[in-house]
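Asks: One-letter residues, chain by chain:
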Amino acid sequence: MALFEASGLHMRFGQRVVLERVDLAVEEHQFVGIIGPNGAGKTTCFNVLTGRYRPSRGTITFAGENITNLSPQAIARKGIARSFQIMNLFDEYSARDNVIQAMPEMRAMSWKVGHAVAQDRFLDEAAEEVLDGVGLAARAGVRAKDLSYGDRRALEIAVALASRPRVLFLDEPTSGLGASGRARLRELLLRLKGKLTIVMIEHDLALLFSLADRVSVIQWGQVIAKGSPDELRGDPWVQRSNLGKLQ
Amino acid sequence: MLPSPQASPRLITPAIAIVLLLLATVPFWIERIGLYPYLGVEILIWSIYALGFNLLLGYTGLPSFGHGAYFGIGAYAFGLAQFNIVPNLWVCLLIAIFAAALAGAFVSAFISHRRGIYFALMTIAFGQVFWFISIKWHSITGGEDGLLKIARLPADFGVVQFDLGSSNYALYYFVFAAFAIVLVGLWRLVNSPYGRILQAIRQNETRVTFLGYSVWWFKVSVFTLSAAISGFAGALFAMAQTSAFPDVMSLHHSGYIVMMTLVGGGLVSFWGPVIGVFAFLLTRDLIGALTTAWMFWFGLFFVLIMLFKPEGIAGLVRDLRNGFIARFCTPSPAPVRDPGS
Amino acid sequence: MLLDLLPHLVNGLTLGLLFALVALGFMLIVGLMEQINLAHGSLFALGAYFALVIVGGERSLSPWIGDAWYTLPIAVRYAVALVVAPALVAVIGMGVEVLMRRTYGKDPLFGLLLTFGIALVIEEAIRGIWSTRDYVLQTPAGISGGFIFNDLIWSTYRFYAAGFAAVAIGLVWLFIEKTPYGAVIKAGAHDNEMVRALGINLSRLRLFVFAFGTLLAAVAGIILAPIWGIRPHMGVDAVVPAFLVIVLGGIGSFWGAVIASLLCGMLVGLTGAYASEWSLLSIYLLLILVTTVRARGLFGKKSLLEN
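Protein chains in written order, with the numbering used here: chain D, 1 to 247; chain Z, 248 to 588; chain X, 589 to 895.
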């Protein structure tokens, strides 16, 4: 049984149908990619899968449990984390504090109003580890808004990772990154591959196809093709969109 | 903006100790500088109010433009409890705090799924509703004439009793004790995990939600707490003024607390609200001696602050200090973290 | 029974039309700026106070204007007030826009706080200059007083006010729908990036819309003054229906704004029949109800205010 499964997802905003009969099955430790043109509904799909929107029809299950109508915070607590295409960071906090805020240990202490959290060294240490993993260890004390764009992207992922999720949803993590940023990201994802279940929306097909086990193509709110990267190389849309770059 | 989460874990920081020590001695020197003891009482009461208010605005980023309602409810509840239930200081204070907290919980239950403009509008609407009620419900609140003859009940600790009515000094020290408790309590609160979550909500509510927190509950709880503290201040105010009037609940008055808090630097500093209270009351007394339009000038000052230095007085002080450090202290890089202020 | 309600309904209609004037100006500003101007209500109040000075009634109100002015017939003074006072307010409104420029692009909280501060300053200035007492705006004999019709006493002024407001709304409609300037404003309210891309000077447009919007509010303030009385605080009550309009009807619908304003007016008018002390409270209660229940207004469009 798939770890994370969505079937028959249908999403409507008023009269507009944005997703239609979308199915997605993700096995544990699998790396699944989602591609498609802009406006196809990929981010909406993510938003539905992570609880931001309630689907008009369809079901979503995680580890056998139906999570379709749960709130985003409830879904997050179950071990599903996501990054955002338009970054959602705590700009006034340092990179370290951004990561600390994401950790489940912090959440467990939510209502401790008399506890001086600054004395919890273990939080700092755990955060440094996560930051090290994305290459931000040297800039742990820098405020998020003072970080470079590439570092902010890395932090966005670090925050998602800090919650120690079972499934990680990444929404266009290479967006706006240059060649070195992409390389750094690719390294990170290679390290995570196989240890974490990952679902990733990407426009950088070369990068995605080198990492993903399976890919789904979404266009006009529908899954028009799915398969392994090799199988999809022959797909007409894939070929049209990235001629010659996929080798 | 606000003190980085790596602030001191101590219960009482040097800053807190110094401030409390200074304030503890006020009755001894206040007349020498040309002021009067009751001003000290007012400063402390408004500081409690402002600190409670800033929990909402500065820390959680929720603009409450109708906060006078909770201050007023505390004031009225104190008086009404005294007249109709039992003239016991502790009971009346508790009832006042509870009444204000209840109102806060009620309102926040309606509005906590919002933020920004909608939130502010709703706080104005509820503030106006409470204000209307206090004016029109003549039989309970005395309407525009207010609630009069509220007594300064004695502070009975069992083994010893202090008559707060006879002198402003006894009252001062009672209010000082209240202030100290609120100050230390809030300092610990904002440096706790709960406090961090509030600041995270201010910065990015979406992210907080997706990290698994129920933002709604945090907003409701902080609003209720803020209302409770404001109500506590209101009760003390009623006792000090021996009366309660509807105008503290007006939009106009609710604006005062917003202005004070921001002018002082509530957006960037724990002490901002207290600084703002000093600025406001000193303006009232010193500039007020020169012109009755002192409030206009303070308001103008507020607008200028919002335009050019939203970080307020505390922000200016911090800039001066950092500038000083940068110019006169050798190679250490400008501190990213600014503990304890 | 129903007949007894008639005067209240007329009151409600009158109020509604005046609320619509305020709401339209407010909506145009909000639409173009994506920021709410909390000072709108104080400008409404300023319109009334300026008119008070021009129309006069007490010498002490007007050290700026010579005594000779007050010997002119009241109709003349009133007519001049209707023109000059809104013009003055429009200038101040443009001043507010200039102040607000610093907050464009920042966290919306700053704009909120700034306009709140401006509103307070204006109210303080009013209190300082005119004190907190209630004033009455005198009106020319032709439109004051009352008459009896069908055994009921009707206020002449209410009819005049309703008529004037209706004409004003009609003129606003003509302006927005039929002139090129109006088209630009409408476009700007929907999509200000597009307007900029078309080469239209956005900052001049903003200045103009502010001037226009606050002018409407000031006019409404002058017309409403004889009904509500003049006091420093009057602006808040006038601007809440404007908020309601935004919440109920979203931004950008002319008739939506008018209809929503009429609803508010009728609500106040009708509660005035049963519990006159609390009639103004009803609009606050309605705002609470609507904002709790409906995020996107009756027409389902996402408001620019959601953040």
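To be clear, the hints were calculated from the coordinates, so they are not data collected in a lab.
Everything numeric in this text was worked out from a predicted model, so none of it was measured.
For glycine and all other residues, C-beta sits at the position ideal for the given N, C-alpha and C.
Among the hints, erroneous ones may be present.
Restraint ranges, calculated between C-beta atoms of paired labels, are given here [to be verified]:
1. Ala675/X with Val338/Z: 19 to 27 angstroms
2. Leu762/X with Gln15/D: 42 to 50 angstroms
3. Lys112/D with Leu786/X: 27 to 35 angstroms
4. Pro334/Z with Val679/X: 52 to 60 angstroms
5. Gln15/D with Val755/X: 34 to 42 angstroms
Asks: Taking 27 to 35 angstroms as the stated bounds, is the beta-carbon spacing between Lys112/D and Leu786/X within them?
Replies: 56 angstroms, violated
Asks: When you take the CB atoms of Pro334/Z and Val679/X, is the distance between them in 52 to 60 angstroms?
Replies: 57 angstroms, holds
Asks: For the hint 19 to 27 angstroms, verify it against the beta carbon of Ala675/X and that of Val338/Z.
Replies: Roughly 59 angstroms apart at Cβ, these two residues miss the hinted range, so it is violated.
Asks: State, for the Cβ atoms of Leu762/X and Gln15/D, whether the hinted interval 42 to 50 angstroms holds or is violated.
Replies: Once the Cβ atoms are compared, 32 angstroms apart, the range 42 to 50 angstroms for Gln15/D and Leu762/X is violated.
Asks: Determine whether the Cβ-Cβ distance between Gln15/D and Val755/X falls within the hinted range of 34 to 42 angstroms.
Replies: 38 angstroms, holds
In this structure, the earlier hints numbered 1, 2 and 3 are contradicted, and the remaining ones agree with it.
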